[in-house]
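Engineer: Each protein sequence line maps, in turn, to chains A and B.
The numbering of the first sequence is my numbering, which starts it at 263 and goes up by one.
The numbering of the second sequence is my numbering, which starts it at 33 and goes up by one.
Where hints are given, some of them may not hold.
Stated by the list, open to error - Partial selection, computed: residues in chain A whose CB lies under 7 Å from chain B:
(1) Phe291
(2) Gln294
(3) Ala295
(4) Val298
(5) Phe317
(6) His320
(7) Ile321
(8) Asp324
(9) Leu325
(10) Thr328
(11) Glu339
Said to hold, decoys possible - Pulled from the structure, derived: some chain B residues nowhere near chain A, Cβ distances all over 12 Å:
(12) Leu46
(13) Val50
(14) Gly73
(15) Pro74
(16) Arg107
(17) Arg110
(18) Ser114
(19) Leu126
(20) Ala130
(21) Ala138
Claimed, not checked - Pair by pair, the computed Cβ-Cβ distance ranges are:
(22) Ser396(A) - Ala86(B): 25 to 31 Å
(23) Glu63(B) - Gly286(A): 24 to 30 Å
(24) Asp335(A) - Gly139(B): 43 to 49 Å
(25) Glu52(B) - Arg308(A): 24 to 30 Å
(26) Arg281(A) - Arg136(B): 33 to 39 Å
(27) Arg274(A) - Gly134(B): 49 to 55 Å
(28) Gly286(A) - Ala123(B): 30 to 36 Å
Hint data in this document are derived by calculation from the structure and do not stem from the laboratory.
From the three backbone atoms N, C-alpha and C, an ideal C-beta is built for every residue, glycine too.
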Amino acid sequence: MSDPRPRPWAVRLYRLLLRAYSPGFRARFGEQAAIVFADRLAEAQRGRGRGRVRFWLHIGRDLLITAIPDRLDQLGEMLMDRRLAAPIAALVMAPAGLFWSSAIALSVGARLGLTDTALGPMLGGWWPALNPHSGAFKPAASAALLAVVFAGPVLALMVLAASLVEASVSVEGGRFRVNLQTRWLGGLDAALLATLTALGACSALWLIPHAFLGS
Amino acid sequence: MSTALSNSAFHILLALTVGERHGYAIMKDVEAQSEGAVTMGPGTLYAALKKLLAAGLIAETEDRPDPALDDQRRRYYRITPSGLSAVRAEAHRLSRVAERAGARLAGAAPAFGGSRP
């Protein structure tokens with residue numbers, strides 16, 4: 263008769279495999295999962311070789327189908343954490359920042375009559391299509407530029423808005439209830455958001471009349 | 033209208049309707065009540081328990097087992113009134129589904145050689 267006690271190496275291996283889960287899951291359920299694993303292993307060891315193979319295949323599949331969603335949940339929670347809201351907003355704003363700078367340069371250049379000299383080499387073949395004063399001006403190209411310029415700040419604001427609302431679902435009396443709880447920005451987050459918003463607003467106010475309307 | 037519980041959540045809640053249980057006992061009960069159709073690994077079990085705890089359908093009990101009888105590290109779970117309502121609603125829904133399936137199958141044509149509607 264085989265020894266029904268779980269092999270220590272197998273439990274140690276399972277504890278190692280538990281690292282596939284998020285630290286939060288491991289802290290709360292890791293020990294319990296290891297105990298249940300030991301129980302299951304003892305049960306499998308009472309069977310023959312094929313049962314043991316099936317057991318390990320089952321454990322492998324179990325790890326795969328639960329560790330990946332757990333890690334994705336963890337990633338989602340991190341992204342929803344307001345401490346990350348400002349860095350995410352800054353990241354989203356970074357590509358748009360290039361366009362804001364270009365727009366300001368374009369506006370200044372248009373005012374000083376230096377646009378073609380300053381921005382021509384930078385925008386290359388795109389510049390005639392974007393320059394309202396050129397014969398090859400294409401409104402669609404300008405609209406696309408504006409869309410790109412505004413997409414960054416809009417996305418950043420959406421991320422920030424999402425990070426300020428904490429949603430949870432509970433079941434009461436057999437009915438699901440969605441609970442929404444708002445959170446407030448920290449001082450640093452608020453200052454960064456205000457700066458980025460002010461920069462975006464000033465650039466837009468500068469860009470539209472000076473560069474695109476030719477006033 | 034309430035949302036249907038997942039298969040594993042339903043079976044776990046059903047296992048807890050008879051009293052407080054730890055993880056392995058829940059797992060064994062689920063296997064028995066589903067006639068072996070639902071077998072969960074430790075990851076599936078605790079992922080489901082995590083969701084049920086977050087939804088307030090179950091709660092962890094403060095009691096610890098007698099060290100002479102069981103491993104003191106084990107955590108026990110109990111069903112909450114919300115969990116009981118949810119599992120009752122789901123059992124009712126499933127029974128209606130089974131009734132409809134039974135009625136439909138009773139009037140079904142044989143798989144081979146039957147006429148098409």
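Engineer: Give a verdict on every hint.
Structural biologist: Going through the hints against the structure:
Checking Phe291(A) against chain B by beta carbon gives a least distance of about 4 Å; that is within 7 Å, so the hint holds. Interface restraint check for Gln294(A): the shortest CB-CB distance to chain B comes to about 5 Å, inside 7 Å, so the restraint holds. This hint holds: Ala295(A) has a C-beta 4 Å from the nearest C-beta of chain B, less than the 7 Å allowed. For the restraint placing Val298(A) at the interface with chain B, the shortest Cβ-Cβ distance is roughly 4 Å, inside the 7 Å limit, so the hint holds.
Annotation: Phe317(A) was flagged as interfacial toward chain B, and the flag is violated, the nearest CB pair being 10 Å apart, outside 7 Å. The beta carbon of His320(A) is positioned within 7 Å of a beta carbon in chain B (closest approach about 6 Å), and the interface hint is therefore held. Here the hint on Ile321(A) is kept, as its CB sits about 6 Å from the closest CB of chain B, short of 7 Å. Nearest Cβ of chain B to the Cβ of Asp324(A): about 3 Å, under the 7 Å cut. The hint holds.
Because the smallest distance between the Cβ of Leu325(A) and any Cβ of chain B comes to about 6 Å, under 7 Å, the interface hint for this residue holds. A cut of 7 Å between beta carbons decides the hint on Thr328(A): the least distance to chain B is about 4 Å, and the hint holds. Annotation: interface hint on Glu339(A) violated; nearest CB of chain B at approximately 12 Å, more than 7 Å. Consistency note on Leu46(B): stated as away from chain A, and its beta-carbon is indeed over 12 Å from all of that chain's, at 15 Å minimum.
Val50(B), annotated as away from the interface, keeps every beta carbon of chain A farther than 12 Å; the closest lies near 19 Å. Distance check for Gly73(B) against chain A: the nearest CB is about 3 Å away, which does not clear 12 Å, and the non-interface claim fails. A beta-carbon of chain A is positioned within 12 Å of the beta-carbon of Pro74(B); the least distance is around 4 Å. Residue placement check: Arg107(B) does not keep its beta carbon more than 12 Å from all beta carbons of chain A (closest about 6 Å).
Chain A leaves Arg110(B) outside its interface by the beta-carbon criterion, the shortest separation being 15 Å against a cut-off of 12 Å. Distance check for Ser114(B) against chain A: the nearest CB is about 5 Å away, which does not clear 12 Å, and the non-interface claim fails. No beta-carbon of chain A is positioned within 12 Å of the beta-carbon of Leu126(B); the least distance is around 14 Å. Residue-level check passed: Ala130(B) sits 20 Å from the nearest beta carbon of chain A, beyond 12 Å.
For Ala138(B), the condition that its CB be more than 12 Å from all CB atoms of chain A holds, with the nearest at approximately 31 Å. Take Ser396(A) and Ala86(B): their Cβ atoms lie about 59 Å apart, and the range 25 to 31 Å is violated. Checked against the given bound of 24 to 30 Å, the beta carbons of Glu63(B) and Gly286(A), roughly 28 Å apart, stay inside it. Here the CB-CB span from Asp335(A) to Gly139(B) is close to 45 Å, well matched to the stated 43 to 49 Å.
Between Glu52(B) and Arg308(A) the Cβ separation comes to about 27 Å, which falls inside the hinted range of 24 to 30 Å. With their beta carbons about 48 Å apart, Arg281(A) and Arg136(B) fall outside the hinted range of 33 to 39 Å. Taking 49 to 55 Å as the suggested C-beta distance range, the pair Arg274(A) and Gly134(B) conforms, at roughly 50 Å. At about 32 Å, the CB distance of Gly286(A) to Ala123(B) agrees with the hint of 30 to 36 Å.
Hints 5, 11, 14, 15, 16, 18, 22 and 26, counting from the list given before, are not met by this structure.
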